[in-house]
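Undergrad: Going down the list, the protein sequences come from chains A and B. The numbering of the first sequence is this note's numbering, which starts it at 19 and goes up by one. The numbering of the second sequence is this note's numbering, which starts it at 150 and goes up by one.
By construction, these hints were calculated from the structure, which means they are not laboratory data. Fair warning: there could be bad hints in the mix.
A partial selection of chain A residues facing chain B, derived with a Cβ cut-off under 10 angstroms [said to hold, decoys possible]:
hint, residue
1, Phe50
2, Asp110
3, Glu176
4, Gly198
5, Asp209
6, Gln234
7, Val238
Cβ coordinates follow ideal geometry from the N, Cα and C atoms, glycine included.
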Amino acid sequence: MQIYVCAKHVPDTAANIKVVGENGFDDAGCKFIANPYDEYAVEQAVQLVEKNGGEVVVVTVGKAAAAATIRAAMAMGAHRGILVTIANQFLDSQTTARALAAAIQQDGKPDIIFTGKGAVDSEGFQTLYRLAAAMELPVVNEINRLEIADGKATVGHEIGGGAREVLEVALPCVLGTTKGLNEPRYPKFPDIMKAKKKPIKEMTLADLGVSLDGAQSELVKLEKVPERTGAKMLGGDVRQAMEELVRILKEEEKVI
Amino acid sequence: MATIGILIETEDGNVKDTNFGVLTAARSQGDGTIVALMLDGSADGAKAVLEKYGANKVVQVSAAGGDLSTSPDLKARALAAAIDNYSLDALLGMASAQGRDIFARLAASMDLPLASDCMAVDLAAKTVKKSHFSGKTFATVKMSGPVVLCALRPNAIEAVEAPADAAVESFAAPVEDPCLVKVVDVKKEAADTVDLTEAGVIVTGGRPIASADNYKILAECARLLGGTIGASRAAVDAGFAPHAMQVGQTGKTVSPRLYIGCGLSGSVQHFAGMKTSKVIVAFNTDKDAPIFEKCDYGFVGDLFDIVPVLTEVLKEKR
Ligand SMILES: Cc1cc2nc3c(=O)[nH]c(=O)nc-3n(C[C@H](O)[C@H](O)[C@H](O)COP(=O)(O)OP(=O)(O)OC[C@H]3O[C@@H](n4cnc5c(N)ncnc54)[C@H](O)[C@@H]3O)c2cc1C
Ligand SMILES: Nc1ncnc2c1ncn2[C@@H]1O[C@H](COP(=O)(O)O)[C@@H](O)[C@H]1O
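If we strip away everything but chain B, and leave its shape as in the complex, we get (with noise of 0.2 angstroms):
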């Protein structure tokens, strides 16, 4: 019986929802213990929604040689000892900015196979598929080392709830800061945003939408979806949107549940940051737009008309 480790993200103490995806994925891998693993937060606070998605034990990691939270290598010793600790065969993950980053310096410092960006993975056959050719392809990767890491797409694997109960307990690892990369300082520029990568729910405006203040036509529908904004790099370079919203090749890499691209062209360097959404809905006045014939739902109009209508029968159906 397999033993699997899951890193668990945390935001401002909670439990992020996109770790029920990943929980869900460790529960599918048969009859197994699953091991939550925090680094932040309260362990104690979070008992009762993991063990709803099948944790079966609940751990808050320290290190005893410093502060977890300004050291990314303390991090990655951290949970090195407790993979070690706790003889896990495997340690899932997100790959959010965070988990990419964590999980990159945890197997670089155990020469340990990973993968990043999986849809699936099957702990078994040691197999995980994953997002290759910037979304074109998919690619099956059998990993051999004596412990498998894989951080998957937020939202590729949807949470199904599997109640446990899970005992609460505290691991000090017994490990020294290398002292190579200090955090000094961590600012929050926008507040309340839901991070485009981990959002379910994407609605998106390219460059039509001419200016920053129409993206508040766009927040309101993607707020009631649950979900957040997001802008191509023409609305990005146009100067409507930062960056740190662009969805694409040069942007972030997107899996959610819904993407509704709002006056977009349907290029191909956008869809290589969004093609792994499950459903994907397309406004456009050019009823030829390529867009058109790589999405599931379409409808022809101007996003000013249609955007606004969307939102209000969202909150008439609520």
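Extracted from the complex, chain A is given alone in its bound form (with noise of 0.2 angstroms):
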């Protein structure tokens, strides 16, 4: 199976974001990782290669920083790599999307594309739907069960209120993973020593014939979200203090 996996460079989610100017950030002075969602796309296609054979490439899109994500992907299992350099530090998923989508159809032909169900940078969920529309394949998001057989995927996700909903989409498609789907594993130091050594292709936006007039949406302001600044504590005992956060909750909050 030739399996391709998109996954994004992303600031660690416990790390301090430092606002820079209008709508930028410090992302010098801040720790990155592979998105987790992105993890369990690797995972899925690495173990589906190691049991049908093939080949897992993985194809990021960021700064040149993001070659980190590749390798450790490539400690997961990845064969290789593709990085689409950009200058910028946020793209808009339609650019995203077509840059993907050009490295893959330039590289090979893929039976499954896996992503993450959402960036948790961006947090766009969409420009799986964009890749997909793209390269005109089916898509499914969120899936936590797969199989495959008989050239055709059959899919399992949440929809919410406590439902399930089982899909079925003929190869190739996109596929979107969440948690649940499988448990991504943690390289071993002669996993991490191997991947220094497979090879990443590097490409520019110019170099796929992807231009950034498409963009249709732009950040143009990042702002803190104001933190609380410490609880107001209840005082008394147990009922005396949830009879107040009762009034409080009605009366002032006006919540319940």
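Assemble the dimeric complex from its two separately framed chains, guided by the hints.
TA: Quick look at the structure:
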């Protein structure tokens, strides 16, 4: 099987984000990781290739430092990487998807393209759909069950309210993964060393013929969500405290 | 004057309460026509509640070429046809599991800009304010396409009634199913639970809840508040709760009016999923627990002593 995995290089969710200027952040002073949902994608791709043979290629659009995310995926078992380098801190999902589609089309013929369900930095929840549209492929997101047989994938996902949906989709397709699909492996030291020797192809948006002019959304302002400054602590015994709490929630906050 | 479409979500044929905040968001964009689009459920039955919040038209959308419920792509195509037919300037909806999926399909197929998980929208300026970096920052995103698509976080905007008169009509979209993805089964696993991402009130139990059974204590309290229960990853990993109940970075992102954390330490990853809640209350035995630094109201004590008393007080004060 020829499997592509789209993995984004994102700030660690535990990292402190320092806003710089109107719409930037201090990315040099911030730890980055592979987008957590994309790890389920890498793990699933590697497991399928371990079982059926084939190759796993990781594709990332990001600054040069994003190569670290490709190396991390390689330590988990991916064979090759493609890094589409950009200068911007933020790239709209239309341009990103076009770049991912062009890079994959130029490289080979996918049986499956895995992505994460969403990126924890931009919280866009759309790049995989745009990628699928650009490549005229079917797409299903947030899958936590997957079976492949007879050129067809049967996938499952939650649709809210305690309901699960089962869907069928023909290969090739784009599948967005989420928690519950598998347990991403922790690479061992020899795997990390081996990953350093695996090939990464680097290219630019221009090399792929993708222009920035197609962008229809732009991040114009970034601001910290105001931090709560500490709780108003309730006093008295449990009974008094709960009576006071219910009064506050009803009369002052008006939330119940 | 703008014409704004709203994608209405229903459950078992009933309009979910979380739609009303979306209608309010549309109403607050100035004078305009509000067209409520329904892909399932009955438009006739929905008319009364939808006009209470300002809908001017309620449209039952169907597809000439198939059954909407079995094909998410057919839904997207039918919506695209409705956008054209009613000359919509924007389509608003909810960033629920289903809402996110349908909006992303629509955006991709029509090559339109989409912002998901929005906290606010300004259609005149074509900007949205949305969560970014797991709730640590807000981003203002400017959109420049011919139609703006915006999926709002459930409960992000408080619903305010604004009565209008609505006409009900049907629209059979002249679209075919591309037959790419087929829904073959829908299983209802947990009955009568309010969906976590859409709940107005959430009572969450952390690791010290100690068993699946003990969640009943929280569930009774949550029920009185019209809400539902959640769990931390520590509780899910220990097997006390299913993953569907997990709030946080690797679980659900929620934005209720009221979030009550019982026995939560206040980890960054948990807060990534509930930081935008309007009011956060915490109960913890440790007066120095980090959660007390980042919530609105706190009380030091054992959740097993506190929650039953809270339930009692709520029953009395109903
Ligand atoms: C990549 C990654 C992703 C993660 N994603 C998530 C996620 O999505 N969601 C999530 O929740 N976590 C997530 N975590 C885990 C997170 O870091 C914390 O470990 C977890 O949230 C802690 O859960 P807790 O607060 O229930 O338990 P603990 O940290 O054990 O805290 C329990 C608290 O309860 C108090 N307590 C003890 N007994 C009682 C009692 N009887 N009554 C009242 N208070 C009591 C204690 O003082 C303590 O403060 C993630 C971690 C990583 C590394
Ligand atoms: N810059 C990128 N490079 C590689 N993959 C990406 C990039 N941006 C988004 N993706 C993929 O698309 C998924 C959804 O991203 P988003 O639409 O930004 O939430 C992510 O989980 C990734 O798998």
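Undergrad: Does A/Asp110 pass the interface check with chain B, least Cβ-Cβ distance below 10 angstroms?
TA: Interface hint status for A/Asp110: holds (8 angstroms vs cutoff 10 angstroms).
Undergrad: Please verify that hint: A/Val238, Cβ, nearest Cβ of chain B, below 10 angstroms or not.
TA: With a minimum Cβ separation of about 5 angstroms from chain B (threshold 10 angstroms), the hint on A/Val238 holds.
Undergrad: Given A/Asp209 as an interface hint, is its Cβ closer than 10 angstroms to any Cβ of chain B?
TA: At 23 angstroms from the nearest chain B Cβ, A/Asp209 fails the 10 angstroms test, so the hint is violated.
Undergrad: The hint names A/Phe50 as touching chain B; please verify it with the least Cβ-Cβ distance against 10 angstroms.
TA: 12 angstroms, violated
Undergrad: Given A/Gln234 was flagged as interface, is its beta-carbon under 10 angstroms from a beta-carbon of chain B?
TA: With a closest approach of 4 angstroms, the A/Gln234 hint holds.
Undergrad: With a cut-off of 10 angstroms, does the beta carbon of A/Glu176 approach a beta carbon of chain B closely enough for the hint to hold?
TA: 6 angstroms, holds
Undergrad: Would the hint on A/Gly198 stand, with a C-beta cut-off of 10 angstroms toward chain B?
TA: Since the shortest Cβ distance to chain B is 5 angstroms, the answer is holds.
Of the numbered hints stated above, those contradicted by the structure are hints 1, 5, listed in ascending order.
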